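J.: Residue strings, one per chain:
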Amino acid sequence: MTKHVVLVEDETNIAEAIRFLLGREGWRVETLANGNAAVEVIRKARPDLVMLDVMLPGKSGFEILKELRADAGFADMPILMLTARGHARDREMAELAGVSRFMTKPFSNAEMLDAVRELTAPGSLTA
Amino acid sequence: MTGRKASPLFLERRSYRFRRMMDAVRLLPLLVLAFWMVPLLWPVQDAGDVAAVSMSHAVRYIFGVWLGAIALAFFLWRRTARQIVQEAKS
Amino acid sequence: MVSLNQLIAVCLLYVVGLFIVAFAAERAAIRGRGDWLLRSPLVYTLSLSIYCTGWTFYGAVGYAARSGLEYVTIYLGPSLVMIGWWWLLRRLVRIGRSHRVTSVADLISSRYGKSNLLAILVTVMAVIGVTPYIALQLQSVTLSLSIFAAPAGVANGVLDGRAEPINTAQAAFWIAIGLALFTVLFGTRNLNVNERHHGVVIAIAVEAVVKLLALIAVGVFVVWGLAGGVTEAMTRIDQSAIGTWQVDGGRWAALTFLAAAAFVCLPRMFQVMVVENDEERHLQTASWAFPLYLMMMSLFVVPIAVVGLDLLPAGSNPDLFVLSLPLSQGHNTLAMFAFLGGFSSATSMVIVATLALSTMVSNHIVMPIWLALGQTSVQQSGDVRHVVILSRRVSILFIISLGYFYYRASGGSGALAAIGTISFGGVAQFLPVLLGGIFWRGATRMGALWGLGIGFGLWVFTMLLPSFGPDAVLSAATLEQGLFGIGWLRPQALFGVGGLDPTVHAVVWSLSLNTLAFILVSLFSFPSPVERLQGAQFVNIFDHSSPARGWTASVAASEDLMIMAQRILGAAEAQAFFRAQAQLQEKSEGLPEPTPAFVQALERELAASVGAATAHAMVSQLVGGASVSVQDLLAVADESAQMLEYSSQLEVKSRELSDTAEKLRRANDKLTQLSHQKDSFLSQVSHELRTPMTSIRSFSEILRDAEALSPQEKTRYASIIHSETIRLTRLLDDLLDLSVLENGEVTLNQQRGSLRDVLDLAVTTGQAANIREIKIDRDRDSEDVALETDLDRLSQVFINLITNAQKYCVSDAPCLAVRVHASGSTVAVDFIDNGAGIDADARDLIFEKFTRVAGQGGEGAGLGLAICREIITRLRGEISYLPDSPGTGFRVTLPTPQPGKLQELNRFAASA
Chain D
1 MTKHVVLVED ETNIAEAIRF LLGREGWRVE TLANGNAAVE VIRKARPDLV
51 MLDVMLPGKS GFEILKELRA DAGFADMPIL MLTARGHARD REMAELAGVS
101 RFMTKPFSNA EMLDAVRELT APGSLTA
Chain Z
1 MTGRKASPLF LERRSYRFRR MMDAVRLLPL LVLAFWMVPL LWPVQDAGDV
51 AAVSMSHAVR YIFGVWLGAI ALAFFLWRRT ARQIVQEAKS
Chain P
1 MVSLNQLIAV CLLYVVGLFI VAFAAERAAI RGRGDWLLRS PLVYTLSLSI
51 YCTGWTFYGA VGYAARSGLE YVTIYLGPSL VMIGWWWLLR RLVRIGRSHR
101 VTSVADLISS RYGKSNLLAI LVTVMAVIGV TPYIALQLQS VTLSLSIFAA
151 PAGVANGVLD GRAEPINTAQ AAFWIAIGLA LFTVLFGTRN LNVNERHHGV
201 VIAIAVEAVV KLLALIAVGV FVVWGLAGGV TEAMTRIDQS AIGTWQVDGG
251 RWAALTFLAA AAFVCLPRMF QVMVVENDEE RHLQTASWAF PLYLMMMSLF
301 VVPIAVVGLD LLPAGSNPDL FVLSLPLSQG HNTLAMFAFL GGFSSATSMV
351 IVATLALSTM VSNHIVMPIW LALGQTSVQQ SGDVRHVVIL SRRVSILFII
401 SLGYFYYRAS GGSGALAAIG TISFGGVAQF LPVLLGGIFW RGATRMGALW
451 GLGIGFGLWV FTMLLPSFGP DAVLSAATLE QGLFGIGWLR PQALFGVGGL
501 DPTVHAVVWS LSLNTLAFIL VSLFSFPSPV ERLQGAQFVN IFDHSSPARG
551 WTASVAASED LMIMAQRILG AAEAQAFFRA QAQLQEKSEG LPEPTPAFVQ
601 ALERELAASV GAATAHAMVS QLVGGASVSV QDLLAVADES AQMLEYSSQL
651 EVKSRELSDT AEKLRRANDK LTQLSHQKDS FLSQVSHELR TPMTSIRSFS
701 EILRDAEALS PQEKTRYASI IHSETIRLTR LLDDLLDLSV LENGEVTLNQ
751 QRGSLRDVLD LAVTTGQAAN IREIKIDRDR DSEDVALETD LDRLSQVFIN
801 LITNAQKYCV SDAPCLAVRV HASGSTVAVD FIDNGAGIDA DARDLIFEKF
851 TRVAGQGGEG AGLGLAICRE IITRLRGEIS YLPDSPGTGF RVTLPTPQPG
901 KLQELNRFAA SA
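Residue numbers (this note's numbering), protein chains in the order written: chain D, 1 to 127; chain Z, 1 to 90; chain P, 1 to 912.
A few of these clues could be false.
Now the stretches of chain Z that chain P is said to cover, found in silico as 3 or more residues with beta-carbon under 8 angstroms [said to hold, decoys possible]:
hint, stretch
1, 21-32
2, 35-43
3, 58-69
Which residues of chain P face chain D? A partial, calculated answer using Cβ under 7 angstroms [what the hints assert, rightly or not]:
hint, residue
4, S683
5, T691
6, S695
7, R697
8, S698
Derived from the structure by calculation, the hints contain no laboratory data.
Keep in mind the model is a prediction, meaning the values are calculated, not measured.
Just so it is clear, CB atoms sit at the ideal spot from N, CA and C, and this is done for glycine as well.
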């Protein structure tokens with residue numbers, strides 16, 4: 001069964017790179033450029049992984065994260081957060097909100113893929 | 001001026017003590033006056049059954065009060081002199 | 001038996017010793033050495049001991065032998081005053097120092113408006129009151145001399161007056177001469193009374209020690225040598241004639257009070273206690289040390305009296321027990337020591353009393369008369385100092401001779417103690433005026449004159465005159481039946497109140513009527529301005545020790561004052577004083593301005609030499625009348641105004657403080673805000689840089705690592721990297737541009753040109769960027785406006801606005817209308833597209849850095865409009881969003897050149 005990832009990222013070029021990299025690994029990548037619809041889409045799709053940018057048009061990555069974690073059904077869904085903002089405070093906020101992994105852009109492809117594998121490995125515990 | 005660091009509590013206590021000592025300085029002459037006017041109550045001549053106060057007794061009393069007054073004034077001087085000088089300077 | 005010659009030799013030796021001590025002290029003081037001793041509280045306390053005179057030394061024993069313990073009241077009063085230093089002496093000393101008072105008369109006159117009349121009255125009273133006292137000292141010395149000279153038969157002091165063993169008149173004469181010499185020599189060395197007479201003071205201190213030791217030596221000899229110990233002495237006392245308490249209560253209280261009053265008012269006590277006081281703190285040391293001295297002086301009086309009554313034959317003069325007891329037991333050395341003690345007591349008293357009185361007589365009687373007579377004006381040339389010194393020396397001789405003649409006239413009769421009490425009663429009349437002056441602001445000069453006059457009159461009538469005995473001055477009839485036969489004017493039973501002890505009677509009547517007159521007249525009279533000024537200063541001496549303001553400025557020429565001051569203070573001192581005052585006024589050279597403060601200070605300085613009233617009179621001759629300015633009166637009459645002013649100053653201060661705090665708070669807020677802005681700016685920049693770098697890194701890794709990429713993929717990914725690099729470059733360019741603009745480092749390249757040309761260039765460039773096709777709607781005729789500005793920067797703004805419209809206009813047929821409105825000195829250029837416009841809540845933010853309107857794509861960093869605003873601001877124009885436009889509209893407003901220039905510019909533009 002192909003694994004499913006929902007990617008919320010407004011930078012089309014970055015989204016394309018991730019789609020290419022994960023596609024090669026056999027993922028089905030669903031991309032959203034806007035935060036507003038993300039929570040609804042994820043609820044319906046129940047993907048194996050969610051990847052979130054922080055600064056998004058509409059709802060921010062943090063808001064999406066909080067809404068998801070507030071729902072018991074998504075409490076242990078792997079969520080990987082990517083941000084171009086360099087603040088240490090952002091990492092703290094994300095960890096408090098229950099992110100599974102927090103990565104700062106720019107990242108190396110291998111690093112990103114390793115994180116995805118770890119988060120979705122069978123038996124891995126998130127958060 | 002003293003260059004001495006003291007906690008506010010200590011200072012409070014000190015200045016309170018000093019004020020009470022100055023009260024004593026002011027009250028001491030009144031006290032001594034009262035004691036020295038006691039002989040006014042002594043019978044002057046042998047009046048009926050009351051014997052006149054003997055001279056040696058009178059001498060002891062007057063000089064006793066005197067000595068006490070000097071001792072108190074000395075004590076108060078030791079306790080307040082320095083602060084009075086400081087207050088006069090400030 | 002000691003021969004008289006031996007005694008005189010010892011006596012002379014002792015006097016020479018005193019001269020040497022006094023001389024050495026003067027020398028040491030001049031060289032500035034020996035301050036540890038000369039200015040020590042010990043010497044101050046010992047100098048107070050001039051209270052204990054020959055009367056005390058000899059008379060106390062006689063007093064005790066006659067009236068038991070009553071003698072001790074003479075010491076209890078001063079002890080009380082000293083222990084209660086806080087109440088009265090502290091004030092007196094402070095007033096004396098800050099007003100440079102020279103005597104008790106000076107203090108009273110100064111307090112009551114520097115009144116000369118009052119000064120003269122007090123001086124006369126003091127001279128009359130103290131002269132018997134000086135005579136008393138001469139009497140005590142000659143009496144004690146005579147005991148040594150007496151033939152063996154009368155050696156026990158039984159003097160019947162039949163055969164005078166020595167010529168007492170001659171002895172008294174030589175003693176008086178010696179004392180006068182000493183006083184003249186050491187008492188008038190310098191004019192300024194506030195400068196201490198070190199020689200006199202140190203000699204007095206030595207004499208104080210001598211008389212105390214002498215009396216104690218005799219006492220120890222009597223108690224342990226004759227009585228056989230303390231217990232035996234006490235038994236003997238109880239068995240003696242004075243073995244029981246027999247003091248009349250009224251006398252006990254009245255004499256204690258009288259002694260206390262005299263202690264404060266006696267001119268000689270005032271001299272050593274107030275005038276010669278060096279430091280206020282010495283007073284507190286003396287508060288226990290002086291009572292201790294007094295106690296030791298009186299400790300052995302009763303035993304000596306009792307043993308004397310026991311051992312010496314009846315009829316011996318008890319006033320001389322101190323001498324006759326050791327003599328009768330053959331202890332000649334002890335007797336001689338006792339004689340020296342008595343001699344010390346008498347001489348020290350005479351010296352200081354004469355000094356004090358002579359200052360008063362000279363300052364308050366001689367100098368005013370001298371001023372009023374011959375010397376019409378004080379600024380005539382010639383040194384006044386020798387006049388002052390001469391008058392003081394003459395006064396000394398006058399007072400001592402007065403004492404001598406009184407002694408001769410009274411014939412040396414009467415018990416020592418009685419004369420002393422009378423003298424006390426006289427000077428005690430100063431007390432109400434003195435106390436009222438320093439505690440009650442309502443006390444007036446008229447009140448003081450009346451009080452002193454009535455008190456003095458009553459004292460003379462009830463105490464002084466009757467003391468000469470019936471038919472001496474007052475006839476026996478007057479004593480018995482009253483003045484002019486009026487019954488209630490009997491000197492010893494005024495208003496029919498008989499049966500009282502004469503002393504109590506006199507003290508009670510004189511002092512109470514004195515006080516009553518003083519208070520009543522004060523209540524119903526009105527003080528002069530100077531009186532009120534001085535009154536306020538004396539009563540509130542601890543509140544404002546600042547000198548009184550007395551003189552209106554600039555009437556007196558400084559030269560006149562200088563001439564006068566030189567004549568009184570001496571040239572060097574006066575010049576030093578004037579120089580110091582000039583420095584105070586911050587004048588580097590020349591004489592000080594005659595400001596009220598300066599004249600006041602000068603008057604104080606003069607007062608220390610000639611007394612307040614005389615100094616005032618001298619200065620007023622030059623300054624022109626005792627003038628008190630309106631401000632001075634206001635200051636005195638309404639001290640509460642000062643308080644109010646002070647509190648309002650405080651209020652202003654606290655308001656200033658809170659203003660400053662508010663400013664600081666605002667500055668801090670601004671700094672915090674700036675710091676936040678800087679943080680968020682850096683964070684934004686970081687974000688804007690990281691985003692393209694993420695794509696670049698990711699795709700370059702893909703190109704590097706991934707195998708089997710199709711050529712199309714390779715080309716596509718490489719072009720993404722390329723475009724992201726361009727985006728990065730543009731971002732950096734914009735940031736630099738903005739930074740330069742914001743820091744004002746940009747140099748504007750001022751050019752002249754027409755608006756139309758600038759718009760042409762911008763439209764061409766914008767469309768060349770080829771982002772999206774947009775129709776530009778222009779009205780070229782209205783664009784014919786001359787500009788003088790940086791045209792390149794202006795076109796940069798226009799290009800930005802045009803490309804923004806290209807990027808963000810959400811219309812199927814995008815169209816941008818450019819409209820120009822010239823009005824007066826400005827021209828407005830509107831750029832309005834047919835898009836959706838910008839939400840109201842986002843409009844405020846669009847000109848901020850990194851602001852991108854939500855919902856609109858685009859890869860801009862959000863710096864464009866921020867840069868536009870910076871540029872237009874530099875060009876002294878404005879850029880704003882047009883809220884009422886159909887789509888997104890911006891208006892750029894620019895200043896245009898002056899009309900005169902406009903013509904020229906138009907021509908220039910046409911020719912271009």
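J.: When the structure is checked against the list of hints, which entries are broken? Sort them ascending.
T.: none
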